[in-house]
Amino acid sequence: MSFLTENDYAEGTAAKNFFFSAIVMLVIGTMLAIITSFRLAWPDIFPNDIPWLHFGRVRPVHVHFVIFGWIFMAFAGAMCYITPALCKTKLWSERLGFWNCWAWNIGMVVVFFTLINGLTTGREYQDLIWPVDIYVLLFMLLPLAVNVWMTMLSRRVEGLYVTLWFFGAACLFIILTYFIGAIPDFFPVTGLSEAYMTWWHAHNVLGLWITPVSAAIAYYIIPKISGNTLYSHKIGHLHFWSIAAFYSTPGAHHLMGAPIPEWLKSFASVSGVLIMIPALAFVVNMLMTMKDKWWMFTKNISLQWALTGVLFAIPLNIQGAFQQTRTLNWYIHGTHWIVAHAHLALLGFSTFIEIGAIYYGLPKLLKRKIYSLKLAKIHFWLTAIGFLGFWIALTGGGLVQGAAKVYEIPYIESVIATHPYMVGRAVFGLMIIFAQPLFLYNMVMTAKYGERQESKPVIEDKIIPAAT
Amino acid sequence: MPRYVVGAILVVLVIFSSIGITIIAGSTYMGNIPPSKWAVEKEKMWAHTGWNIHDPLMQGWGAPTLASKGKTIFIREGCWWCHTLLPEQTQDWTYFGSPPTAEDVQLESPSLFGSDRKAPDLLHIGSRNRVKAWHYVHHRNPRAVTPGSIMPAFTYLSDEDMDALVAFLDSLK
Ligand code: HEM
Ligand code: HEM
Chain E
1 MSFLTENDYA EGTAAKNFFF SAIVMLVIGT MLAIITSFRL AWPDIFPNDI
51 PWLHFGRVRP VHVHFVIFGW IFMAFAGAMC YITPALCKTK LWSERLGFWN
101 CWAWNIGMVV VFFTLINGLT TGREYQDLIW PVDIYVLLFM LLPLAVNVWM
151 TMLSRRVEGL YVTLWFFGAA CLFIILTYFI GAIPDFFPVT GLSEAYMTWW
201 HAHNVLGLWI TPVSAAIAYY IIPKISGNTL YSHKIGHLHF WSIAAFYSTP
251 GAHHLMGAPI PEWLKSFASV SGVLIMIPAL AFVVNMLMTM KDKWWMFTKN
301 ISLQWALTGV LFAIPLNIQG AFQQTRTLNW YIHGTHWIVA HAHLALLGFS
351 TFIEIGAIYY GLPKLLKRKI YSLKLAKIHF WLTAIGFLGF WIALTGGGLV
401 QGAAKVYEIP YIESVIATHP YMVGRAVFGL MIIFAQPLFL YNMVMTAKYG
451 ERQESKPVIE DKIIPAAT
Chain S
469 MPRYVVGAIL VVLVIFSSIG ITIIAGSTYM GNIPPSKWAV EKEKMWAHTG
519 WNIHDPLMQG WGAPTLASKG KTIFIREGCW WCHTLLPEQT QDWTYFGSPP
569 TAEDVQLESP SLFGSDRKAP DLLHIGSRNR VKAWHYVHHR NPRAVTPGSI
619 MPAFTYLSDE DMDALVAFLD SLK
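In the order they appear, the protein sequences are chains E and S. With this note's numbering applied, the first sequence covers 1 to 468. With this note's numbering applied, the second sequence covers 469 to 641.
Everything labelled a hint here was simulated from the structure, so no lab data went into it.
Beta-carbon label-pair distances, calculated as ranges:
no.	chain 1	residue 1	chain 2	residue 2	range
1	E	Thr298	S	Val473	39 to 45 Å
2	E	Trp263	S	Ala612	46 to 52 Å
3	E	Tyr441	S	Val613	44 to 50 Å
4	E	Phe112	S	Asn597	31 to 37 Å
5	E	Gln453	S	Thr558	55 to 61 Å
6	S	Leu478	E	Pro437	43 to 49 Å
7	S	Trp529	E	Val444	44 to 50 Å
8	S	Thr569	E	Thr325	20 to 26 Å
Partial list, computed: chain S residues near chain E (C-beta under 8 Å):
no.	residue
9	Gln574
10	Leu575
11	Glu576
12	Ser577
13	Thr623
The C-beta atom is built at its ideal place from N, Cα and C for all residues, glycine as well.
Working from the sequences, and respecting the hints, build out all of it.
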């Protein structure tokens, strides 16, 4: 193992590489959405002879670039930065982290070429074919987990801060989840069991990885920037254990319309409502941590992003909890409402927190100040307003589709009726898409020309007590 | 024992019991539901159509029937991102036909229920619209037969691919 831990890479290399790669993926991933969103509004707007420009081909590529590329790599960067800081030590292996990052980028190239050519399993969120699944497990997820765990084991403090529990556990969860989701690719699992495993996987990628890791990042940066200690570690405990217990079970709520056993649907529905517990625990903990420091909300760009993300978690989880009860699900299942919910989760809640983390962490790693705060503000407002318009358009469109379902009017009528909403989404979406290259530009310029600042070594940390 | 070890053991216990309840209970229970006659027939006709090593480019090589090749193309082109194959249990009946029973969807892989429906359900399209000529025109230029449709015009598909796709639709009884 010494070849991994010998230190010939500067501290922070892995995190920097991950952060920059993540931003590039965010730019590409949102750009791809030009194709998907425009196609749904104006179906003949791009040449029809080119398969790579068709909705069905590009949609999964968009989803994979924003989830696997952007969100996952931003997480990896945050883990490589925050874990050592909280453990008051160095990252176990900068070299492993560096190679992990590049293996990840190569993986994204493979993902692009397989999915854009239609090579897929046909199972949503487990779309990748099994050779790629093996690659994802061995060269993308496992090295990251090893790095995080080994850093935690070589820590120089006694206790583990909440963020670290989440990081450590989520690394285990994602590997298990991904593996279980891939089982039908390797073994003859078919029919209902296969559908169930597919959605169990999709659900837990969200619940045991994206949600807890986003929260863990907020647990670090919000106290750190505001200068307040975490409001309550007890609530942190509640959050952690209730996520593990309640979020890992309701996979079946994605299949409320399918012929799975009724008891499984009820079970999923009940445990789905219980996700409100970790969700509210998190939100309360974060908002209370801001006590007396709310003036910073508009003054500090990272806090502005991260807290907006936290605030988005409120409608997100209320929506989630109610939309999966039988009373509501039949109305909105399969409509644009769900797509709005998905973007509220991954673009509103999760992405906003990660962008906050990058605006905080990357300049620190580069030992420079943000090149242009003004540009960062423009980035924020374009993304925030674009997203709100996007969300309102899709939610409205979803309700129209729901009504059309009830009255069983000819399907085409609902397609025509939702056209204005699709146009709305495409236009507001453009604001988001346009904003992300500004982010990339700002960060590249920060690396090159940002005003130098003597940052204290990453491991110095007073605000966050290492209490358990 | 240090507290973090206790914590780690607890995490593993909690998570494995969750997986236990959901996956093992759910899947073994569902695995035991016997396939219906129609499911067995479908399985013979379509076989397993997701990506596999014998058909790495998803061209339908070695597909037992034309409909099976068609299902491969249905997956490859991402038709299922808009068309569900799952009439809902609560409504949809008059328009899209009856929802499948648990027995009906056994053996199938992948089952393509779909989650974002932006187009009509196709589970019973083979009973609803049997005019093949309509399908051919519709796939090349959907707006010629259904004004206002947002379906992509699949002008790049070869004639063989189109035959297979229509055969698959026709087999969806
Ligand atoms: C109380 C919390 C939540 C509950 C109970 C919940 C429930 C649901 C349900 C039932 C669906 C599927 C609806 C349908 O297809 O009929 C869904 C979809 C989705 N949820 Fe949530 N949700 C919650 C929070 C979240 C969070 C925190 C995230 C991610 C950070 C998230 C991400 C998504 C995504 C991406 C989808 C789309 C899946 C698809 O493609 O169909 N949700 N949610
Ligand atoms: C970081 C930003 C983004 C994330 C994390 C994200 C994530 C996702 C996810 C998870 C889905 C699948 C939804 C589902 O299955 O329910 C999706 C679909 C989609 N996204 Fe995004 N997205 C982002 C940005 C955008 C932008 C800027 C647009 C531009 C308009 C966009 C347009 C679309 C479209 C058109 C679909 C297909 C929806 C459908 O099938 O009806 N996304 N995205």
